[in-house]
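Undergrad: One line per chain: the protein sequences are C and H, in this order.
If you want this note's numbering, it's the position in the first sequence, counting the first as 1, plus 182.
If you want this note's numbering, it's the position in the second sequence, counting the first as 1, plus 7.
The calculated label-pair distances, taken between Cβ atoms and stated as ranges, are:
hint	chain 1	residue 1	chain 2	residue 2	range
1	C	254	H	72	54 to 60 Å
2	C	212	H	167	54 to 60 Å
3	C	278	H	167	56 to 62 Å
4	C	240	H	167	30 to 36 Å
These are computed hints drawn from the structure, not numbers from a lab.
Please read these numbers as outputs of a predicted model, since none were measured by experiment.
Idealized CB from N, CA, C, for every residue including glycine.
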Amino acid sequence: MERLLEGFFSLEYMARAFPGLLREGLVNTIILSFGAMALGLVGGMVLALLAISRRWWVRLPAKVYIDIFRGLPAILTIVLIGIGVPTAGFRPFGRNTYAYAILALGMIATAYIAEIYRAGIQSVDKGQMEAARSVGMPYLMAMRIIVIPQGVRRVFPPLTNEFIALIKDSSLVFVLGLSIGSRELFRVGQGIVQNTGNYSPLVMAGLFYLSITVPLTHLVNLLDERLRKGKPVVAEELPTGVDAPRRA
Amino acid sequence: MAVPRVALRDLHKSFGRLEVLRGINLEIAAGEVVCVVGPSGSGKSTMLRCINRLEEPTSGTVEIDGVDITARGTDIDKVRTRVGMVFQQFNLFPHMSAAKNVSVALRKVKKLSKSEADRIARDRLEEVGLAHKADVRPARLSGGQQQRVAIARALAMDPDVMLFDEVTSALDPELVKGVLDVMTRLADGGMTMVVVTHEMGFAREVADRLVFMDHGAIVEEGDPHALFRQQRTDRFRVFLEQVL
Numbered sequence: 183m184e185r186l187l188e189g190f191f192s193l194e195y196m197a198r199a200f201p202g203l204l205r206e207g208l209v210n211t212i213i214l215s216f217g218a219m220a221l222g223l224v225g226g227m228v229l230a231l232l233a234i235s236r237r238w239w240v241r242l243p244a245k246v247y248i249d250i251f252r253g254l255p256a257i258l259t260i261v262l263i264g265i266g267v268p269t270a271g272f273r274p275f276g277r278n279t280y281a282y283a284i285l286a287l288g289m290i291a292t293a294y295i296a297e298i299y300r301a302g303i304q305s306v307d308k309g310q311m312e313a314a315r316s317v318g319m320p321y322l323m324a325m326r327i328i329v330i331p332q333g334v335r336r337v338f339p340p341l342t343n344e345f346i347a348l349i350k351d352s353s354l355v356f357v358l359g360l361s362i363g364s365r366e367l368f369r370v371g372q373g374i375v376q377n378t379g380n381y382s383p384l385v386m387a388g389l390f391y392l393s394i395t396v397p398l399t400h401l402v403n404l405l406d407e408r409l410r411k412g413k414p415v416v417a418e419e420l421p422t423g424v425d426a427p428r429r430a
Numbered sequence: 008m009a010v011p012r013v014a015l016r017d018l019h020k021s022f023g024r025l026e027v028l029r030g031i032n033l034e035i036a037a038g039e040v041v042c043v044v045g046p047s048g049s050g051k052s053t054m055l056r057c058i059n060r061l062e063e064p065t066s067g068t069v070e071i072d073g074v075d076i077t078a079r080g081t082d083i084d085k086v087r088t089r090v091g092m093v094f095q096q097f098n099l100f101p102h103m104s105a106a107k108n109v110s111v112a113l114r115k116v117k118k119l120s121k122s123e124a125d126r127i128a129r130d131r132l133e134e135v136g137l138a139h140k141a142d143v144r145p146a147r148l149s150g151g152q153q154q155r156v157a158i159a160r161a162l163a164m165d166p167d168v169m170l171f172d173e174v175t176s177a178l179d180p181e182l183v184k185g186v187l188d189v190m191t192r193l194a195d196g197g198m199t200m201v202v203v204t205h206e207m208g209f210a211r212e213v214a215d216r217l218v219f220m221d222h223g224a225i226v227e228e229g230d231p232h233a234l235f236r237q238q239r240t241d242r243f244r245v246f247l248e249q250v251l
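Construct the entire structure; sequences and hints are all you get.
TA: As structure tokens, this is what we get:
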């Protein structure tokens with residue numbers, strides 16, 4: 183029992199790992215997940231708009247993209263994009279492995295977020311689009327200032343969930359072998375474990391993850407509840423059970 | 008005769024194999040108020056929605072001031088700024104104040120300055136008696152107030168024609184009059200109006216012409232007072248007996 187405590191919860195090892203986890207690991211985890219989320223929010227919107235087109239040949243590529251990147255294990259995508267693509271000679275970011283890591287995570291996020299947006303947009307009553315068109319707004323303008331603002335508000339909870347998933351998945355970029363200084367939480371923790379044989383640094387890394395993800399999870403619940411109860415501003419029925427994909 | 012403001016010529020519309028409109032011919036003069044009545048499923052809403060092409064006709068044409076707006080290359084967004092529409096479910100933008108609901112298209116579509124758009128929005132809300140609700144979101148308004156804001160929103164574009172699609176059907180009975188009063192004033196002011204309605208009193212008193220539709224066709228049309236006194240067809244007579 184004592185060995186177990188010592189092996190996983192050694193305060194000494196935790197304290198020693200703390201500065202590195204904070205300065206290198208946490209910073210990189212945040213950069214990776216924020217960067218990927220930013221890509222996902224933009225790419226996801228473009229893809230969502232394509233996916234709801236009335237023309238099948240506009241819809242098709244979006245649907246195929248979404249199916250592929252939701253259907254593949256994240257780690258496979260990360261290796262393909264992070265190692266495969268540059269090795270094959272396509273190097274938009276030179277040898278900057280970090281950039282490929284963000285791209286890979288962003289491409290995965292794009293697929294999930296596209297589905298979240300699509301669900302949100304399609305939950306907006308079609309009378310909104312008709313009213314906007316009837317005063318002369320072109321389709322994309324009506325989408326931008328009438329439909330999307332309403333749809334996005336409704337999918338705030340699943341978007342936050344996606345962000346949480348992304349923070350956790352960012353640990354997978356360790357497979358790319360990022361150099362010292364650009365490692366994220368998991369890899370920093372694991373590095374110390376490999377040198378010392380003591381698992382406390384990884385437990386410490388876990389605490390770092392939890393310190394981000396747990397508050398976010400509760401934020402989701404709070405948002406969900408407020409949407410469900412309906413603030414006076416948006417009192418008409420809000421389908422909070424918007425059918426959004428959740429990652430396991 | 009002058010060119011009609013709106014002309015529907017041999018208009019057909021099918022949803023799949025369901026024929027909703029079977030050859031509608033209707034000319035509406037500038038300043039005329041036409042009320043369209045008929046049983047549900049008779050195609051009256053579909054006909055109305057063809058006038059601004061929220062529904063695309065399967066065949067036939069819609070002309071506004073003699074110009075075929077179903078023609079290839081028509082800038083439908085531009086046409087729609089001249090054809091106001093009010094819906095049964097109001098369809099106000101819930102994330103915007105009443106004033107913003109009215110001014111948003113002035114800003115974004117007509118590219119007016121903020122001050123000018125705000126001024127027009129205020130004036131239009133004043134006309135429908137809701138200037139004091141300018142800063143309120145739709146959810147805080149009654150159905151009747153929402154519908155009057157929706158009318159103000161359509162009027163703000165300064166349209167040549169106004170289309171009303173059963174605009175009082177979703178309202179509590181005590182709120183209907185306020186909306187009909189606004190529409191009556193509009194009619195008296197010379198607006199060209201096509202009104203799909205179940206309000207027979209309004210049709211009798213305000214309409215210049217009454218159109219009775221059934222099964223996707225115009226069955227009778229003419230002076231409302233005369234038509235309410237005497238119907239040519241059994242179908243219209245039976246319909247009136249049911250609704251009056």
